[in-house]
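Using the hints provided, position chain U relative to the given structure of chain B.
Chains as they are written, first to last, in our numbering: chain B, 10 to 123; chain U, 123 to 234.
Hint data in this document are derived by calculation from the structure and do not stem from the laboratory. Where a beta carbon is used, it is the ideal one built from N, C-alpha and C, also for glycine. Careful: at least some of the hints might be erroneous.
[Said to hold, decoys possible] Dumping the calculated SDA-like pairs for lysine to any residue here, alpha-carbon to alpha-carbon at most 20 Å: (1) Lys-164/U x Pro-17/B; (2) Lys-221/U x Val-98/B; (3) Lys-178/U x Gly-110/B; (4) Lys-221/U x Gly-110/B.
[Stated by the list, open to error] Stretch-level coverage of chain U by chain B, calculated; a stretch enters the list once three of its residues show a Cβ under 8 Å from a Cβ in chain B: (5) 165–172; (6) 223–233.
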Amino acid sequence: DAGVIQSPRHEVTEMGQEVTLRCKPISGHDYLFWYRQTMMRGLELLIYFNNNVPIDDSGMPEDRFSAKMPNASFSTLKIQPSEPRDSAVYFCASSLRNGGGPLHFGNGTRLTVT
Amino acid sequence: GESVGLHLPTLSVQEGDNSIINCAYSNSASDYFIWYKQESGKGPQFIIDIRSNMDKRQGQRVTVLLNKTVKHLSLQIAATQPGDSAVYFCAQPPGGGNKLTFGTGTQLKVEL
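Only chain B is shown next, with the shape it has when bound in the complex (with noise of 0.2 Å):
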């Protein structure tokens, strides 16, 4: 099994720019998190969804965040338009089921703004 995988492993982009992460759950897992990673903060929830169905966004910054789930076995993180703030590693996770089962993480996309 691969693993949870995301992309790209690095984003350097220009306040103002949009910015697209990507993640690849793994197989046969029906619920998808989006975390983020700051030395402030730790690691927050963004969002998370079951069967491509966000269920709880509350944890999303402002409606500069948008995530989306267009089948089972993608999903993207949108932030447009990004600010030095939104830099931290932002890491997706997956599951396989709902009552407590383990998060599978990716290694993360370390995004910085300038």
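This is chain U only, laid out in the frame that chain B set:
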């Protein structure tokens, strides 16, 4: 003013010694707890989990202890190795399900 990041507690141990990493939680409703390990440049990696109907669970070189009375979780690593150097997080789903909330983490440093 100057921004300040999260202050990660740090635990330094000698190679071969046992490590104990602690975590306090506040939500009594949680029935599932997980420990993750995060190495530099990587995502958190699942180590071991425990449900609230247990007070101890053992894995390979790791043991998790759960004390629901004082809402305390600990991770014990036996014979700590250099490869164990990482940040360790406890996590729980506050309201059940898979929506995990992570603690701030503990940096484990293994000294040779």
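Margin query: Taking the earlier hints as the rules, which of them does this structure contradict?
Written below: none
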